[in-house]
Structure formats: structure tokens, C-alpha cells
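**Q** My request is simple: use the sequences and hints to build the entire structure.
What follows is each chain in one-letter form.
2 protein chains.
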Amino acid sequence: MSWPASTPPPPYYAVIFTSTRREADEGYAQAAQRMEELAVGRPGFLGIESAHEAGRGITVSYWTDLDAIREWKADMEHAEAQRLGRERWYERYSVRVARVERAYDFG
Amino acid sequence: MSWPASTPPPPYYAVIFTSTRREADEGYAQAAQRMEELAVGRPGFLGIESAHEAGRGITVSYWTDLDAIREWKADMEHAEAQRLGRERWYERYSVRVARVERAYDFG
Chain A
9 MSWPASTPPP PYYAVIFTST RREADEGYAQ AAQRMEELAV GRPGFLGIES
59 AHEAGRGITV SYWTDLDAIR EWKADMEHAE AQRLGRERWY ERYSVRVARV
109 ERAYDFG
Chain B
9 MSWPASTPPP PYYAVIFTST RREADEGYAQ AAQRMEELAV GRPGFLGIES
59 AHEAGRGITV SYWTDLDAIR EWKADMEHAE AQRLGRERWY ERYSVRVARV
109 ERAYDFG
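So the sequence lines, in the order shown, correspond to chains A and B.
Just so we're aligned, residue 9 is where the first sequence starts under this note's numbering, counting upward by one.
Just so we're aligned, residue 9 is where the second sequence starts under this note's numbering, counting upward by one.
Worth flagging that the hints you see were computed from the coordinates, not collected in a lab.
Just so you know, not all the hints are guaranteed correct.
Stated by the list, open to error - Computed list of chain B residues with no C-beta within reach of chain A, every gap over 12 Å: (1) Thr15; (2) Arg42; (3) Glu45; (4) Pro51; (5) Gly52; (6) Ile66; (7) Asp83; (8) Phe114.
Said to hold, decoys possible - To give a feel for the contact side, a few chain A residues facing chain B, derived at Cβ under 7 Å: (9) Pro16; (10) Ile24; (11) Ala40; (12) Arg107.
All C-beta atoms in this analysis are idealised placements derived from N, C-alpha and C, irrespective of residue type, glycine included.
**A** In C-alpha cells, the structure reads:
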């Protein structure tokens with residue numbers, strides 16, 4: 009997958025997920041991986057970027073519209089309910105849904 | 009600084025900067041650091057989050073409005089013109105300016 013993500017001209021939507029994890033827990037990496045697996049290929053999915061450093065993580069996913077985000081979120085909640093719940097891995101997290109209005113690239 | 013960033017209720021703005029760096033170059037970390045220094049404390053600045061992993065970086069900064077972002081951008085371009093230019097450190101990068109419409113936190 010290209011990185012930075014290749015996205016169409018704005019407008020489109022971004023979901024910015026930032027987190028701090030609890031003490032080393034192997035479930036954390038799996039949770040991040042799972043979030044990505046549930047996004048890629050879904051209708052309305054445009055791309056995803058993720059980086060983790062010293063217990064802090066940022067994952068930004070891009071979507072054509074809010075409905076696609078809602079469906080992804082519902083799927084994640086369903087998947088998590090069948091597991092241990094996100095709270096097990098994350099000490100804190102924030103989710104921000106934002107409308108991308110302008111974008112430019114180099115390289 | 010708190011992490012995830014403490015931001016007020018939406019709406020506000022996010023600048024999502026994602027990059028891949030050239031082969032190990034110590035200027036890269038300095039460039040990221042500089043971007044943060046030029047943001048923190050500026051009028052309209054709300055917070056910043058950054059993570060780097062395996063040559064890929066994501067920095068998300070939060071702002072009250074587009075004018076504050078424009079002034080930050082102009083300052084960065086001025087600072088870079090006095091240095092070697094961002095192109096020296098980054099192989100590719102994308103900048104996306106987005107309006108945060110919804111946000112929620114855990115923890």
C-alpha cells in the first residue's frame with residue numbers, strides 16, 4: 009500500500025486515532041492490525057497510515073464519506089465485543105473525524 | 009504535553025503531515041522537531057501528536073482556525089528557506105488540512 013496514502017482530490021474524510029498503550033501487551037499490535045484489516049477494501053475506504061513510537065500510536069484512515077466510517081466503526085465494535093475490548097490495550101485514546109478540505113504532496 | 013492532545017469540542021482544524029524520509033539523515037529528526045517548535049504556543053495552536061516508525065512519520069497538529077494554520081505554514085517556509093529545504097529530508101510527504109467535526113476520547 010502506498011505511503012503516504014494516495015487519496016483523491018478533497019473533499020474526503022479522515023479518522024485520526026491516537027492512543028497510548030498500557031504496559032507492553034502483545035494484544036496492542038494485534039488490535040492495531042485488526043483495525044487496519046477491517047478498513048482495507050471496504051466500500052469508501054481510500055487509504056490508511058499508521059506509526060507507533062514509544063507506546064504512542066497514530067493511525068489515520070481516509071474515507072469517501074461519513075457512512076463508510078460509520079459502518080467501519082460498527083464492524084470494529086462488533087469485533088471488539090467478541091474479544092476483550094479495546095480498553096484492555098489502550099490507556100487512553102482519541103478518535104477524531106475530520107473533513108479533509110485541502111491537500112498537497114511532495115515526491 | 010498531554011498525549012493524545014487535549015483539544016476543545018469540535019469544530020477545530022487538524023493538519024495531518026505524513027512522510028517517508030530518505031536514507032537515515034540526522035536532519036530528519038531535526039526537521040520534525042522544528043515543525044513542532046514553530047507550532048507550540050502560537051496563537052490558535054491547540055496541540056500536536058507525532059510518531060515515527062521505520063522511516064515513516066505522522067505528525068498531526070490541531071488549530072482553532074485556518075488563519076492560524078496559514079501563519080504557521082508561512083513561518084515554516086521561511087525557516088526552511090534559511091536552511092536546506094524540506095526536500096533534503098523527505099522522500100515523499102503529504103499535507104492534509106481537515107476540519108474536525110466529531111471527537112471522542114477514552115481514558
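**Q** In terms of Cβ atoms, is chain A entirely out of 12 Å range of Glu45(B)?
**A** Holds, because the least Cβ-Cβ distance between Glu45(B) and chain A comes to about 18 Å, which exceeds 12 Å.
**Q** A closest beta-carbon separation below 7 Å is what the hint needs, so does Ile24(A) meet it against chain B?
**A** Holds - the Cβ of Ile24(A) comes within 7 Å of chain B, reaching about 6 Å at its closest.
**Q** For the hint on Arg107(A), does the least C-beta distance to chain B fall short of 7 Å?
**A** holds, 5 Å
**Q** Examine each Cβ of chain A, and state whether all of them lie more than 12 Å from the Cβ of Arg42(B).
**A** Given a closest Cβ separation of 17 Å, the condition holds.
**Q** Does the no-contact call for Asp83(B) survive, Cβ to all of chain A over 12 Å?
**A** holds, 17 Å
**Q** Restraint: Ala40(A) near chain B, CB-CB cut 7 Å. Satisfied or not?
**A** violated, 11 Å
**Q** Does Gly52(B) clear chain A by more than 12 Å, comparing its Cβ with all Cβ atoms of that chain?
**A** holds, 16 Å
**Q** Take a quick look at Phe114(B) and tell me if its Cβ sits farther than 12 Å from every Cβ on chain A, holds or violated.
**A** violated, 5 Å
**Q** Mind verifying the non-interface call on Pro51(B)? Its CB should be farther than 12 Å from each CB in chain A.
**A** Check passes; 21 Å lies beyond 12 Å.
**Q** Is Ile66(B) truly not at the interface, in the sense that its beta carbon sits beyond 12 Å from all beta carbons of chain A?
**A** violated, 5 Å
**Q** With chain B as the partner, please determine if Pro16(A) meets the hint condition of a C-beta pair closer than 7 Å.
**A** violated, 12 Å
**Q** Per the stated criterion, does the least C-beta distance between Thr15(B) and chain A lie above 12 Å, as a non-interface residue requires?
**A** violated, 8 Å
The earlier numbered hints that this structure contradicts are 1, 6, 8, 9, 11.
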